[in-house]
Structure formats: C-alpha cells, structure tokens
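Number of protein chains: 2
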Amino acid sequence: MLDKHNIATQYQQIQNTICEKLEFLDSKAVFETENWQRKGGGGGCSRVIQNGDLIEKGGVNFSAVHGILPDAIKKLFKTKNNNFFATGISIVLHPNNPWVPIIHLNIRYFEMDNDLKWFGGGIDVTPHYVIEADAIRFHKHLKHVCDNYQSTFYTKFKAWADDYFYIKHRNETRGIGGIFYDRLTPQNTDLSWEQIFEFSKTIGNTFIPIYENLVSQTRKLPFTAQQKNWQYQRRSRYAEFNLVYDSGTKFGLETDGRIESILMSMPPMAAWVYNYQASANSNEAKTLDLLRKGINWVAK
Amino acid sequence: MLDKHNIATQYQQIQNTICEKLEFLDSKAVFETENWQRKGGGGGCSRVIQNGDLIEKGGVNFSAVHGILPDAIKKLFKTKNNNFFATGISIVLHPNNPWVPIIHLNIRYFEMDNDLKWFGGGIDVTPHYVIEADAIRFHKHLKHVCDNYQSTFYTKFKAWADDYFYIKHRNETRGIGGIFYDRLTPQNTDLSWEQIFEFSKTIGNTFIPIYENLVSQTRKLPFTAQQKNWQYQRRSRYAEFNLVYDSGTKFGLETDGRIESILMSMPPMAAWVYNYQASANSNEAKTLDLLRKGINWVAK
Chain A
4 MLDKHNIATQ YQQIQNTICE KLEFLDSKAV FETENWQRKG GGGGCSRVIQ
54 NGDLIEKGGV NFSAVHGILP DAIKKLFKTK NNNFFATGIS IVLHPNNPWV
104 PIIHLNIRYF EMDNDLKWFG GGIDVTPHYV IEADAIRFHK HLKHVCDNYQ
154 STFYTKFKAW ADDYFYIKHR NETRGIGGIF YDRLTPQNTD LSWEQIFEFS
204 KTIGNTFIPI YENLVSQTRK LPFTAQQKNW QYQRRSRYAE FNLVYDSGTK
254 FGLETDGRIE SILMSMPPMA AWVYNYQASA NSNEAKTLDL LRKGINWVAK
Chain B
4 MLDKHNIATQ YQQIQNTICE KLEFLDSKAV FETENWQRKG GGGGCSRVIQ
54 NGDLIEKGGV NFSAVHGILP DAIKKLFKTK NNNFFATGIS IVLHPNNPWV
104 PIIHLNIRYF EMDNDLKWFG GGIDVTPHYV IEADAIRFHK HLKHVCDNYQ
154 STFYTKFKAW ADDYFYIKHR NETRGIGGIF YDRLTPQNTD LSWEQIFEFS
204 KTIGNTFIPI YENLVSQTRK LPFTAQQKNW QYQRRSRYAE FNLVYDSGTK
254 FGLETDGRIE SILMSMPPMA AWVYNYQASA NSNEAKTLDL LRKGINWVAK
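If you read the protein sequences in the order shown, they are chains A and B.
Following this note's numbering, the numbering of the first sequence begins with 4 at its first residue and continues without gaps.
Following this note's numbering, the numbering of the second sequence begins with 4 at its first residue and continues without gaps.
Simulated from the structure, these hints should not be mistaken for laboratory data.
Hints may contain errors.
Intra- or inter-copy, both count: the list cannot distinguish identical chains.
What the hints assert, rightly or not - When the alpha-carbon atoms are kept at most 27 Å apart in a straight line, the in silico DSSO-like pairs for lysine-lysine are as follows: (1) Lys253 to Lys81; (2) Lys31 to Lys143; (3) Lys171 to Lys42; (4) Lys171 to Lys77; (5) Lys204 to Lys83; (6) Lys42 to Lys296; (7) Lys296 to Lys253; (8) Lys146 to Lys81.
The whole structure should be built from the sequences, with the hints applied where relevant.
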C-alpha cells in the first residue's frame, strides 16, 4: 500500500541527493535552504543556488502540503472533493552559459479525500540554442528509462510534453520538450501503485545523469555578448510560459504557497525586445525552427 | 449619437499627437510604426520607441478590432452576445533612469451586437522609487481632471485602480495607482454618451502634461548600478502583473491580437532575484512600504 508520508520522505531524500550532486557539479555556489510552513497545512523546503560557475540561478524545491482545496483548483480539477494532500519536487536551473540549456523536472503525488490519487511529473529541456545531437541523446535516454516500465510511456508522454510545454500565443514550444505525464493510476498504466511510485522516483533519479550529460561539453564553450542577449530573450519566453500557462505555478498562486518558492523558476534576468527578427540561417533562426511539436528526436 | 468609427478616428488622432510630443520629449529616439490587420476583423497601428534618451522601451498602440467574441471572453464578460467592436489606445513607457516612473494609459470603447456598449480606461504610475511629492501632484492632477466631469469620479476611480493594479500573490500594488474605470454608461455616470466620450478623450490628452511633469526633474538625476538593478527587479513585478492579472493582455491573447503589440508593455530587461530583502530605512524599503491600497494622496 502507498503511504503518502513515505512518498514525501522518499521525495525529500531525492531532493537532498540532487542538491549534493549539483553543488559538486557547480563547484562554486552552494544552496541556500529555507524551510517554510503553509498556513493552511504542511510546508516545504526550498533550496536555491545563485551566481555559481555553471548555474546562474536555480532551485530544487520540495513540498508536502495539505488542507482544503481552493474553489479555483476544484474547478481546474473538475472535482467536488474538499481535502487534498500534495507532495513533490520541482527543479528549474538557469545556467550562465547560453550554450547550456535550461532544465526543468517535476515529480509529484496528489491525493484527495483519501480517495482519488495519482502521480504526475515530467522533465523537459529548453535550450537557448538547440544542439541536435544533445536533443537526440536526451530523448533516447528518456525513452530508455520509460521503456523499462511500460512500452507505451515514452511516445505518449513525449507527445504530452509537446502539448503541455507550448506557448500558444507565440506558436512555439518552450524548448525541445521531454516527457510530461499526469494522473497516472494502475487503471491507466497497467502498473501497480508501487511500480508507478518506482517510475516516479526513477525520473527523479535520472535528473543528475541527464544534466551532467547536457552540460559537460556546453559549459566550456565560449560565448559573445550578443549570444548572452539572445539567452535573455529566450528566458522571457520561459517567464511567459510559467506565468501564463504553467499549472504548477497556478496551483501555487491559488493555494497561497510560499511565493518565493513558486517563482524560483523565474529567470535571473530576462529581456523583451520588440519585434525581434532572427537573421536567415543564423543559429538563432535554426533554434526557432526547432521549437515546434512533433519532432521525432529518437528516430533522428 | 455615438459613432464607433468616429470614436476610433479621434482615438487615433490622440495617438498621433502623443507620439509626436513623446519624440520631442525624448529628443533622441523615434517611433517605429507597424500597421497590422487582424484575421478575424479590424487591425491597428503599433508605434514603439526604443533606446531613447528618456525612454528605454515604450509603446503607443492604437487598435480598432471587430468580429466574433471568443468563448473565453464571453465567460469573462458574462455575456451571450456574439459580435464585438473594440477600439482604444494603450501606452506603456519604460524609462532608462530608475528615478523616472513607468507610466501606463489606456482609453477604450467597447460595443457588442450594436446593443451593449461602454467606455473604459485609466492611467497609473509605477515608480521604481516613490517620490511622495510627485505622487501627490499626480493624484491632484487626476482629481482636477475628473472633477470637471463628475464629482464622484476621482474617489471611485482611484479606489478602482488600487484594486485593479494589485499583485495579489505579492500583496503589493503595482505602483502608486491612479485611476481605473470600466463599463461607463449614461446610466451609471449621470453623463450623456457624448460627455463620457469627452471624458475619455480628456484622459488621453492629459497623458503628455502628466508625463512631462513626472520626468522633468527625475530624468536628470544620477543613478548607480545598484539602483539600476533595483529597477530591473521592480520591472519583474510589472511583468508578473501584466501576464497574470491584466485583462487587456488576456483579451489580446484570447482574441489572437498581434502578439508583439499586446506584449509591447513588457519591460526591456527584468530581473527575478530570489528572496530579496530591502535593508531597513533604505529607499527601496520606503518604496515597498508605499505599495499598498488606500493611500489618500490628495489629502497629503
């Protein structure tokens, strides 16, 4: 049987491991830690790293909150249940070097009135400059991880990420996607609750090897001021996605979560340039061309 | 009788006058002009100024759009009407100098199925550093303008601005407010349609004298890199307000408006610093103390 407190404890252990390894990887900055309580019930542990060698600003948040579900969320979830419990880890890392992508991971467990329950999560990558070989390796890695649990997962969750991490008003995806899944239960996965929980933890534990792989070469690449400006511009799209579309952010704002923890995902510095046009065949134009749904990275 | 095309024409004349005077005031940059058509009907004229002496980035937009009302907006407006016509001017100016405030103005006219119609608008100021004497003069100016039309307007519209330009998740107002009004009709104002239209134009025409007044001293003040960083941080709050709460932005995104025109209000550069704490008695702390509802500026 699943035990929500056990899930929370194991998630927090994953948070600790990830932070330890990220500090080692960054080699310069260390995490600030803030334990916080939520008025309506529960709390969390926010860990933020800033001005590092690799990471300009990043957060690895854990929370386990419970209480009465706000009306706005009831509507969003189409439920009449009143009590909820939610635990999860959220990670967003903004690098210094524009050749290193932004990375995001979330794993979460949600329960209502001890009755409805599900797992959700995902991992996706937002390059300022898409490097095709890295995108292919990243997606192949995810497919391999998913295939160990359920042969249908990768294809389904990859398409789900394409749809979810989509900036409708720009008609562009946030980045090269990854996987996104929600409301996983034994009924819709053919796995036991224990297996789904294992899958969730595997996604959490895959974060460090994936990130190490993405940064090992790119962090050493030289870049120009013009490329840094491009990074600021891409970050403004990231900010738009998080504030306009992201369900996690909405959930946090509606449930009166700790605001600095919810918005730790926001970029350290971002630019909105009016009517920017990338020059033909530039690296910027090539990247914009790849910010669309349905690219079959594993077949490349 | 009101004629919607006449309203649009007169609004566009106000846009032209404002742009001409702003170029003179800036003395360095000139407006880029982009005329655009909306697929579903109508279009607009976006005028954007960047990298000026006074203005880092600013836009003065005119639009007159019509067509079928999207479902999301029907819900927002609680109406079953299908056809709409909307015209207006929107201005947002982000200055170089952190001592100069961000300013915003909007005047608009809305009509549904040739039946329901109303005027809306407002003007509000977001200082990076609140200068109390300027805030008082600004509010007294607005009260004077409002009093010429209706003695109840200033008090009502000032409170409305406090409520509207409020960043709930930060528990702070966007700035020192100003006035905000919506759905003005002869029924709720004791004015004729012609008088309400005149009021709307007067608000538009008051933009330049108000802005001249706010910038004349502040644009010459020296500032430090640390103060510029504070400006970047305040701009991130402005971005949050526009993307999370602003109805005009939502309306634009939902009605497939021209995205670069809708988001011309976004700051040229903005920073999210984790868990920033202003030092006691600093100018930054004093400003944060004044970002709240209900300050009676005209009585100061």
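For each hint, the structure was consulted:
When the C-alpha separation of lysine 253 and lysine 81 is checked against a cutoff of 27 Å, the pair qualifies both within a copy, at 15 Å, and between copies, at 23 Å. In the homo-oligomer, the alpha carbons of lysine 31 and lysine 143 never lie at most 27 Å apart, since the shortest distance is 31 Å inside one protomer and 53 Å across protomers. Proximity of lysine 171 and lysine 42 under a CA criterion of 27 Å is satisfied inter-copy only: 16 Å between copies versus 34 Å inside one chain copy. For the homomeric pair lysine 171 and lysine 77, the shortest alpha-carbon distances inside one copy (24 Å) and between copies (20 Å) are both at most 27 Å.
In the homo-oligomer, the alpha carbons of lysine 204 and lysine 83 never lie at most 27 Å apart, since the shortest distance is 30 Å inside one protomer and 48 Å across protomers. Within a single copy, lysine 42 and lysine 296 get their C-alpha atoms only as close as 40 Å, which misses the 27 Å cut-off; across copies the closest is 23 Å, which meets it. Taking identical chains as interchangeable, the C-alpha atoms of lysine 296 and lysine 253 lie at most 27 Å apart whether they share a chain (23 Å) or sit on different chains (24 Å). In this homomeric assembly, lysine 146 and lysine 81 never come within 27 Å of each other (Cα to Cα): the closest approach is 31 Å inside a single copy and 46 Å across copies.
Consistency with the previously given hints fails for numbers 2, 5 and 8, ordered from lowest to highest.
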